[in-house]
Structures are given as C-alpha cells and as structure tokens.
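Asks: Between the sequences and the hints, there should be enough to build the whole structure, so can you do that?
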Amino acid sequence: MGSTSSNSRSKRANIAQQTLAILDEGQYVNGYDRKVEIGTDVQQAIRNSVLYRPAALSALREKLRTEAYVGIQPTAPSAEVEAAPGRIEVTGETTLGAASRLTVAEGREDVVCLNFASAKNPGGGFLGGSQAQEESLARATGLYPCIAQMDEMYDYNRKQRSGLYSNYMIYSPDVPVIRDDEDRLLDKYYVSSFITAPAVNAGVVKERGEADDLQIESVMKERIRYILDVAATNGHRTIVLGAYGCGVFRNEPAVVAKYFHDVLVGEAFKDSFERVVFAVYDRTAGQRTLKAFQDRLTGV
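Residues 1 to 300 (UniProt numbering) are what the sequence shown spells out, left to right.
Derived SDA-like pairs: lysine to any residue, alpha-carbon spacing no greater than 20 Å straight-line:
#: 1; residue 1: Lys63; residue 2: Thr233
#: 2; residue 1: Lys221; residue 2: Gly247
#: 3; residue 1: Lys291; residue 2: Gly92
#: 4; residue 1: Lys188; residue 2: Val36
#: 5; residue 1: Lys11; residue 2: Ser130
#: 6; residue 1: Lys159; residue 2: Leu51
#: 7; residue 1: Lys188; residue 2: Gly97
#: 8; residue 1: Lys11; residue 2: Glu182
#: 9; residue 1: Lys221; residue 2: Arg53
#: 10; residue 1: Lys291; residue 2: Val265
#: 11; residue 1: Lys206; residue 2: Gly247
#: 12; residue 1: Lys221; residue 2: Ala59
#: 13; residue 1: Lys188; residue 2: Gln27
#: 14; residue 1: Lys11; residue 2: Asp181
#: 15; residue 1: Lys221; residue 2: Ser162
#: 16; residue 1: Lys188; residue 2: Tyr28
#: 17; residue 1: Lys120; residue 2: Met150
#: 18; residue 1: Lys188; residue 2: Ile38
#: 19; residue 1: Lys206; residue 2: Arg158
#: 20; residue 1: Lys291; residue 2: Arg250
#: 21; residue 1: Lys188; residue 2: Glu109
#: 22; residue 1: Lys258; residue 2: Arg225
#: 23; residue 1: Lys120; residue 2: Gly203
#: 24; residue 1: Lys63; residue 2: Arg225
#: 25; residue 1: Lys120; residue 2: Arg250
#: 26; residue 1: Lys291; residue 2: Arg87
#: 27; residue 1: Lys221; residue 2: Val204
#: 28; residue 1: Lys291; residue 2: Thr94
#: 29; residue 1: Lys258; residue 2: Asp282
#: 30; residue 1: Lys35; residue 2: Leu186
#: 31; residue 1: Lys188; residue 2: Val29
#: 32; residue 1: Lys159; residue 2: Asn121
#: 33; residue 1: Lys291; residue 2: Glu252
#: 34; residue 1: Lys120; residue 2: Arg158
#: 35; residue 1: Lys221; residue 2: Ala268
#: 36; residue 1: Lys35; residue 2: Lys188
#: 37; residue 1: Lys63; residue 2: Lys221
The calculated label-pair distances, taken between Cβ atoms and stated as ranges, are:
#: 38; residue 1: Arg34; residue 2: Arg61; range: 38 to 48 Å
#: 39; residue 1: Gly31; residue 2: Ala105; range: 13 to 23 Å
#: 40; residue 1: Ala285; residue 2: Arg87; range: 27 to 37 Å
Simulated from the structure, these hints should not be mistaken for lab results. Keep in mind that this is a model prediction, so the values were computed, not measured. Glycine is no exception: its CB is placed at the ideal position from the N, C-alpha and C atoms.
Replies: Structure (structure tokens):
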C-alpha cells in the first residue's frame with residue numbers, strides 16, 4: 001500500500017511539473033498528435049486575475065446591497081431548456097467534472113468554480129504530488145500561475161497564525177482547463193473561471209481553542225457571501241461549489257451544507273444565479289459527505 005501511494009504521489013508530482021512546463025510553453029500536443037495553443041489564454045488569465053482584499057469585499061457588499069443587485073444576464077443562455085433562477089443541484093461529480101459538463105456539454109460560458117484553497121501555499125501541495133480538490137485543479141488547469149502571483153494573500157495568512165484565516169480571495173477569469181479527471185490531456189481545452197478562497201481550518205481552530213462553533217459559523221458564512229458576491233459581480237450566473245473545507249480542514253459536511261443553505265436560500269443569494277451546482281466527489285463507502293449535501297440542498 002505504502003509504495004503504491006508513494007508511486008501515485010510521485011506520478012502526480014511529475015504531472016504537476018509537466019503542467020507547469022506546458023503553461024510556460026503555451027502549448028501542448030494532444031492525443032491526436034496535434035499542437036494545442038493555449039499561451040494567449042493563459043497569459044490573459046494571469047493578467048486579468050484579481051486579488052480581493054477584505055476591505056474591498058466589504059465595500060463590494062455595500063455596493064451590491066444598495067443597488068439591490070440582482071445579477072447580470074447570462075452571456076449564453078443554455079440550449080433548449082432554460083433553468084429557473086437559482087436552481088440548486090447536488091451531484092457526485094468532481095469540480096472539473098461539473099465544469100466540463102456545464103461548459104462543454106451544455107454550452108454555458110458563464111461558469112465559475114470555487115477552489116477550496118490552501119491559505120498559505122498556492123496550489124496547496126500539488127507540486128509535491130498531494131491529492132485534494134485544489135491540487136487536482138492546479139494539475140489540470142492554468143490556475144497555478146494566476147494565484148501564485150498573489151503573495152499578499154498568502155503572506156497575510158501565514159503571518160496571521162490563525163486557522164480562521166482571512167477573507168482575502170482571488171478571482172481568475174477564463175482559465176484554460178487542459179486535463180480531465182484522470183490527468184489526461186484534453187484533445188481540445190475549454191476555459192472556466194475560478195474563485196480561490198480558503199475555508200476555516202476548523203480542526204486547528206478547535207484544537208487551539210481559537211474560536212467556538214458560533215464564531216466559525218459566522219466567519220464561514222461571511223466568506224461564502226463574499227464568494228457569491230465576487231461571482232455575481234463578475235457576471236457569472238453558473239457557479240460550481242462543493243464540500244468546502246470538509247477535507248483536511250475538518251469542517252463537518254452537514255454543518256457546511258447548512259451554512260450554504262442559510263446563505264443561498266435563507267438570505268436569497270441563489271437568486272443572483274441561474275445554476276448552483278454542488279459537486280461533491282465522495283469515494284467513501286457510506287458517502288456521508290455527499291448525503292449531507294443532498295439532504296440539505298436537494299430540491300430547495
């Protein structure tokens with residue numbers, strides 16, 4: 001088992017390096033031996049990425065509320081059936097599985113995905129072959145250089161020495177996605193936007209006694225509101241969320257599902273969107289995480 005997992009880890013680390021080389025070169029060769037040019041889109045995504053500071057998010061909230069902001073019309077209405085506003089679905093997909101379905105299969109051009117980010121290291125441990133949601137995004141897309149340039153956020157969170165972390169977040173528009181969930185290079189790439197925002201590290205916060213459950217709830221809900229504000233203000237009507245902070249940060253899935261329900265449904269944030277997809281990839285036998293989100297968010 002040990003050698004298998006270390007083999008997988010070193011394989012993922014190699015793929016991470018290959019991805020960085022592809023992003024540097026601005027091209028890759030697909031399975032049909034055809035050259036796929038991505039350089040312009042990668043550079044544009046890096047250039048157009050925005051660091052949102054906590055004070056700016058607070059000002060954005062005020063602006064959106066005073067304008068009674070209701071969202072921007074979708075750039076591309078989905079083919080055939082138009083979803084009712086604020087439709088929430090919970091699936092067992094990965095984040096990129098959902099992004100690919102919505103963008104490639106359904107033809108939506110307004111998809112933004114939440115990256116469940118490391119607060120201190122861009123891409124988390126992806127260069128070392130770690131495997132969690134952010135690492136899989138960093139291996140498969142042009143996201144890493146978009147977020148690695150934002151030292152201010154990572155430095156701030158490192159210095160803060162609190163598992164609550166800050167409300168700093170990064171918005172990266174139209175980032176090329178070049179691999180599938182099996183790390184295979186795509187014959188044709190597509191683009192998706194990303195919001196990179198760390199959840200509260202509930203495990204650390206509780207171990208150190210930094211905050212109680214109510215304080216964690218308050219911080220998490222505020223962060224979720226800001227994530228949704230950033231998505232809406234950048235014109236996105238389709239958002240891919242998920243089991244945010246339910247991995248190594250040890251937030252309880254049922255509790256996080258409730259946070260999202262309270263904000264999206266209770267505070268009507270879902271009305272700024274046409275489609276809200278919770279992609280909850282859960283390979284455990286009982287699928288407790290997926291079930292927690294289904295129970296709280298299906299059919300609301």
